[in-house]
Every structure is written in C-alpha cells, then in structure tokens.
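These are the residues of each chain, in order.
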Amino acid sequence: MTHSHDGHVHPHEHEHATDVEPDPAVDLGIDDGALSRLQLGRRNFLRAAGLLGAGVASMGVLPTVSAAADDAPRRSREGGFRWLAGDHHIHTQYSPDGQYRVIDHVRHAHAFGLDWMVITDHGSAQHARIGVEKVNPDIVAARDAVEDILVFQGLEWNIPAAEHGTVFVHPGPNEVAVLKAFENNYDGVVTATTTSNPGNEAVAVSGLQSLSIAVANRDVKDALMFANHPARKGLDSPHEIRGWRDAAPGIAVGMEGAPGHQAAGIAAPTGPGAGRGFYDNSPSSSSFPAYPLASYRTYGGFDWMTSTVGGLWDSLLSEGKPWWITANSDSHQVWSDTSVRGAGSDFATNGFFNDPEHATAPQLGNGDFWPGYYSRTHVGAEDFSYAAVMRGLREGRVWVDHGALIDALDVRLRAGDREVPLGGVLTARQGSPVQLVIRIRTASVPNWTQVVPKLAKVDVIRGDVTGDATDRDSFTAPGTKVVQTFDVSAQTGVISLSYDLGPLSGGFYVRLRGSDGNRLAPGLGGAAVDPAGPQLDVVGDADPWKDLWFYSNPMWALPRR
Amino acid sequence: MTQTTTLPGTGTGLASARVCGIDVLSRTLREADAVAHAVVQELRGLGARNVVVATHVAVSCDLPHHTVTVSASGVTVTETRSVLSVVGDQFDVVALIIDGSFSGPPELYDGLGRAVSAHTRRGEGRVVVFPGDHRLIGTVAVADVIANTDVDRVRVITGTDADPATPLVTRDFVRPLWEDGLLVLHAQPAIGGSLVPFETPFPTPCCANHS
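Heads up: the protein sequence lines correspond to chains A and B, in order. Note that the first sequence ends on residue 778 in this note's numbering; no numbers are left out. Note that the second sequence ends on residue 631 in this note's numbering; no numbers are left out.
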C-alpha cells in the first residue's frame, strides 16, 4: 500500500536535515554584526525570551549546550509557581463548524475553573478576510467582562502538508495584524498548501520562522505554536514535527497529548457513539506510511504519540530537546447543551454563524465539552499574566489531566541541594545520586460530573538521552519504559512520593503518568515496557469520566562535563 | 481475443499483466471507492467473476492520491479496457494499465505499475471488493468471516488475532488489507464486546479538506 512512497520519503529527510542543522542565530561564536537582519532578529528574540545559551533553549539539553546554563537562573525560579489551568484550543461562531460566541466560552471556561484560554478559529478564506478581525473586539470585550481569566487570540492553523495547530500571540495592538498576515501567508487552506509534499512542508517551516521574526521585531511580544490532534489522520510525520521544532525553537514547543472532543465516544443514543476524540480515520494518501493502524486511535483519551511508552513523544524527548504536551477541549459544539446554531446563518458570506439559539432538546450528538469541564493544561507561571503563561508553556512547566483527576502536582528532580521543576534540566556531577520527588494533592472536590475522582496509581517513565535522531522519521525510543509504579489507591490528601534514580551516569529524562485505574492494559510496546498503560478506547462506547489520567511533562538529568 | 484477466490464486496463471489498473487522481478513499464500484458494476454487467478490486497509495508530481487495480475472470482484455475507459472518461485525468500496456499521462505509470505489482503479489493494497464480501453484511462471527470469504485473518489493531467466536459488526463496510500474500481484516473493540472493522464507513470530516 505504501510502496510508491518509499522513493519520496528519503529525499525529504535529507533536505530537512541540512535545512535545520546550522543556525547562525544560536551560534554565539558568530558576532551579531556578522548576521543578516533576519538572523539577528531571531537571535534577539531568543535572547529576549531567555532562550539563547540557556540550556533547554535552541539546540536541546545535551551537555555541551546546557553546561553554559548550569545553575542560577533555573534554581531561582524553582517552587512557588502559580499553577494556572487553561486550554489552547477553542472554536467560536467564527469557525465553519463552530457555534458559540466568544463570551459563551469565556464565561463557561471561567466558571469551570480555567485561568487562561486561547480562541482558535479555523484558518479559512472567510476567517482570513472577516473572522480574524471580527473576533478581536469580542475577545477584547470578554477580557473586560470576565475578570480573572486570560483570553488569548489565536488561530487554528491548517499546517501546510500536515494537521492543524494552535498558533497564538501575546495580546497587544498588533495581535490581529500578525495573526492575519500569518494566516494569509501560511495557512494551508488559504494558500492551497494542504497537500503533503516537500514544497508545502517548507511553507510550514517558513510560517513558523515568520512568527520568530514577528516576535524578534517586536510586532508582538510573544507567539507559540502547538500541534493539535497530531496522530488523528497520520498527517504529522515525525520529520515534519522535528522540522517545526528545530526551525522555530521557542515558538513550536509541543503538541496535544490528549485531543479534544472527549465526549465523542459516549455511546449512542446518549452520545455521538463515535471514536473518542473523533479519532475514527484511516490512513490516506497524505498519511505518513509507516504509522501503524494503532496510531489512528486514542488510548485512555490520549493521542498515540503521547500514550505509547517508548513511542513518538519519547523518541523526541530522548533527543534531549523540549517538546511539551497539553490537553484541550477543541470545543465546537458541547455535548448535551441545549443551544443550536443561530437560524438564518450564512457562514460562507458572513464569516460567522448567527448567535446561538435555544433548543429544548439536549444536543446528544455533539462530541465536545466546555473549556475546563474535562480537559485541563496546568502551567506553572511566575505570576498571573499573559507573558507568564506563555513562558511557562515554553519552559514545559506543564502537566495535564482529565476529569479533574488531581488538584495539584509538584515534581522535582533533585541531586544534592540542586533541583529543577517540570520541564527543567538538572545538571550534576557524574555519579551524583538523583532523586525524583513528587507531591500530589488528590481531588478534594467533585469534578463536573459531581464525582470526586480517585487516583489509583502513579507511573514513573524513564528514558535515556541518546542525542539527535539519525533517522528523522524515527518514532520509537526503545529504552524508555515504566520503571516504577506507586499504588496510591488508599491515599487521599497530600501524597508524597520519592524515587531514587540512581547515580548519574548517562543523561536521562523522567516523566509521570497517573490513572484512576479503571481501564488498564499492557502498552503497545509490551508488558515489559508498560505493564499497565491506557487501554485502546472502545469505538462507540467510551465514557470519558470512567477513564481518567494525568500526564506530566518531562525533566532531564545530565552529567556535567 | 480470448485472453482473460484472472484472479490471482485461482491457479489459472498469475501474470502481472492480468491485473489492470486505473488512476484518475482520486484524492480520498471515498473517491477511490467510487471508482472501484463503478468498475465492478461495469464488469459484472459483462458477466465477470472472481472480481477483486483494490486501492493503493501513489505519489506522482508530489500529489499523493489513490489508484485502483482490478482482476477478474470471465472477461476479455478488450472488455476490461472498454470498462476502464468508460469509467475513466468521467475524469479529467486518467491513466490506465491494461495487459501490461500503459496509456495516459506517463507521470502516473510508475505508481500504476507498482499498484498492479502489489495486487498481483497480494503484497499490499486495500481491498474493496473480494470473493465472499457479499456475506459480510450485518454481524458475522470472526470464524465465519475467515471460513466464508477470502479474508485469511482478523486482527485487532493492538496486535492480537481476534477470537474466532467474537461477533464482527461489519457496518456493511469491510476493507481488508493485503499483507505479504494474506488478506488481513484489521478490527477494533466496539460496544458490548464486539469488534468493528478498523476502517469506518463515515469518518469524521475535517475542516481542512485533507484527503
């Protein structure tokens, strides 16, 4: 089925490998004066973002780079973060498959406990012409109308040659202008570049670089991109993901670990009776041919790239480069809501649906939840501000959960008196004992289905840092596995756990995962790798509230040279 | 002209030339299936038997798309050529391979040739029509799928063979894959302990119009 692709895949790899390797902007051996204007802009951006020479930054966390960054900056920031829950994937009446006003989403998100949210209507001809501007006053008004929630304007980018992604910017006078220019120049639908081929893949990379430049030029204070529902249709190949990450480090920083549409698997007639996350597609001519059929479905509500221990996410992390996961609602039309799209709407002409109207019947065919109702992305921020949320996301101080499984998660990687939080890079002498210290506050109040969820177990996942992938289409990390499972089913309140990771020799990373224990099965890599991981979600019968997980982002430990 | 195209595996000869192919640049599986069914309808109208039709991924001019291959007995090469030409006439671009000979835009020959070879070997391909498929209506036990159709194995996508007693809810839409000479139907767990085929007849559409 895929034979004819073979001759084409390999040339792409080489192009990408040479495309992304030398980046003068991050090579501090080159003077500012020797850089082109674009390169200097990019360097200034990285500098401003605290990313240049700062370890995780541009080229990864490998010892040669991170040694420069060693101590102080990260240590001063440890602990004391304000953990802000949010959602970076929300659609309004300005999406061709949306329904709600901005204020409908903002009020619900706030009521359901979110601190930040991103409005991400689909890129389209109508949106580029009308929606991207028209949604802005609605967002500005909502920022005023509802206090204590940060409302970003963004876009659901049709990534050229690939899937969708969230792109969003720091609020400011140019937020619309930057997003509009980006959409007109780089959206796959607007520019007819959705077809999977090398030329269109290059358009995606250029788009991300244009965001770096927009930030460097101070057109906007900040910009971020996350790949959305990455494995849904097999469109995001491993080399494309690596290409985005390496072309715009600090801008392209991660992907949805769990897609939205989490009500889609509720059995009919109570729910849509589809695949959880609406993951119900098959490989197409645009899919990456090496992805297995198993990659097209969710596991415990999470995307295969994230849920597979030793899978694609781990293959990225084992390179020693940051790539973070999030969990979002992708809210378009909410399950059991009693409103419908406004009558007399003409989206093609107007670029929006009329305001929603009351329907007596609950809309049980809808597959989404309100923002904050089920999926949460928790960001460790220095303060309550747009800039701090974006910085926390960029630095990977992020964990995610479903159904409010736990109240709080504090994880430190420690060696002697040095420690780092989630997303951090701990450097220590060879042979230093490394310890993982975990504090979990279990759910103290009911979630939005009026149940207090119960955490049953916590898994520690560990993998070695093996350096840059020689095959940029690799999606396995053979050494990564679950190294410890804590049964915490008898505990509530604050659970304190620690795990000795042994004396530091080679670089490694750890990440955490926890479950309500309701649906467990050996992982796709076998029981030796993941004895009790998430189960394949049952198509047409996946009650999301009966299968709850949290995932943390990784932390690295590297020997000092 | 009495030469006939022949179903691979029926013992009447397995020359690659006997599998024919048509490429109309179908961008989606739905479009490819429509081509496949149009071909089948025409062939059956001519009394063809043992009809096997499959789709294959091809890349030409950086445009990923699906080709369609067909084999059957009881029809002549001339009849097959006529059938594929009639179906192809409805499209702007059409390339054919019939009895080993190509026609149409040469950029599409490589993909068509590979597709025909894959069909002949039963090495790769997504099979739309195959002997016994008419028995896969409603719910059928896995054992009966294997006993009564050309499907050799039913596998769960997480990697195990399906229990023969498990009911397969076919949704009247079954697209097994050739894998190294075997026809394998991939399936996934569904409501009430049943299985459904991996490929969904009506997958959730996507705003971006990706194929």
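Read the hints as simulated data drawn from the structure, not as lab findings. Note that beta-carbon positions come from the ideal geometry of N, C-alpha and C, so glycine has one too. One should not assume that every hint holds.
Dumping the calculated SDA-like pairs for lysine to any residue here, alpha-carbon to alpha-carbon at most 25 Å [to be verified]: (1) A:K763 to B:S614; (2) A:K763 to B:G612; (3) A:K671 to A:F329; (4) A:K671 to A:A632; (5) A:K674 to B:S614.
Every beta carbon over 10 Å from chain B, so not counted as near; a handful from chain A, in silico [unchecked claim]: (6) A362; (7) P388; (8) D497; (9) N498; (10) D758.
Against the structure, the hints come out as follows:
1. About 20 Å separates the Cα atoms of K763 of chain A and S614 of chain B, which keeps this hinted pair within 25 Å; it holds.
2. Using a Cα cut-off of 25 Å, the hinted pair K763 of chain A and G612 of chain B holds, with the two alpha carbons roughly 16 Å apart.
3. Pair hint K671 of chain A plus F329 of chain A holds up; C-alpha atoms about 19 Å apart against a cutoff of 25 Å.
4. At most 25 Å may separate the alpha-carbon atoms for a hinted pair to count; K671 of chain A and A632 of chain A exceed this at roughly 31 Å.
5. The hinted pair formed by K674 of chain A and S614 of chain B fails the criterion: a straight-line CA distance of about 29 Å is larger than 25 Å.
6. Non-interface status of A362 of chain A relative to chain B is upheld: no Cβ of that chain comes within 10 Å, the nearest being about 28 Å off.
7. Consistency note on P388 of chain A: stated as away from chain B, and its beta-carbon is indeed over 10 Å from all of that chain's, at 26 Å minimum.
8. The claim that D497 of chain A is not at the interface with chain B is violated, since a C-beta of that chain comes within 10 Å of its own (minimum 5 Å).
9. Look at N498 of chain A: its CB is around 5 Å from the nearest CB on chain B, not clear of 10 Å, so calling it non-interface is violated.
10. At roughly 4 Å from the closest C-beta of chain B, the C-beta of D758 of chain A falls inside 10 Å, breaking its exclusion from the interface.
Checked against the numbered hints above, the structure breaks hints 4, 5, 8, 9 and 10 and satisfies the rest.
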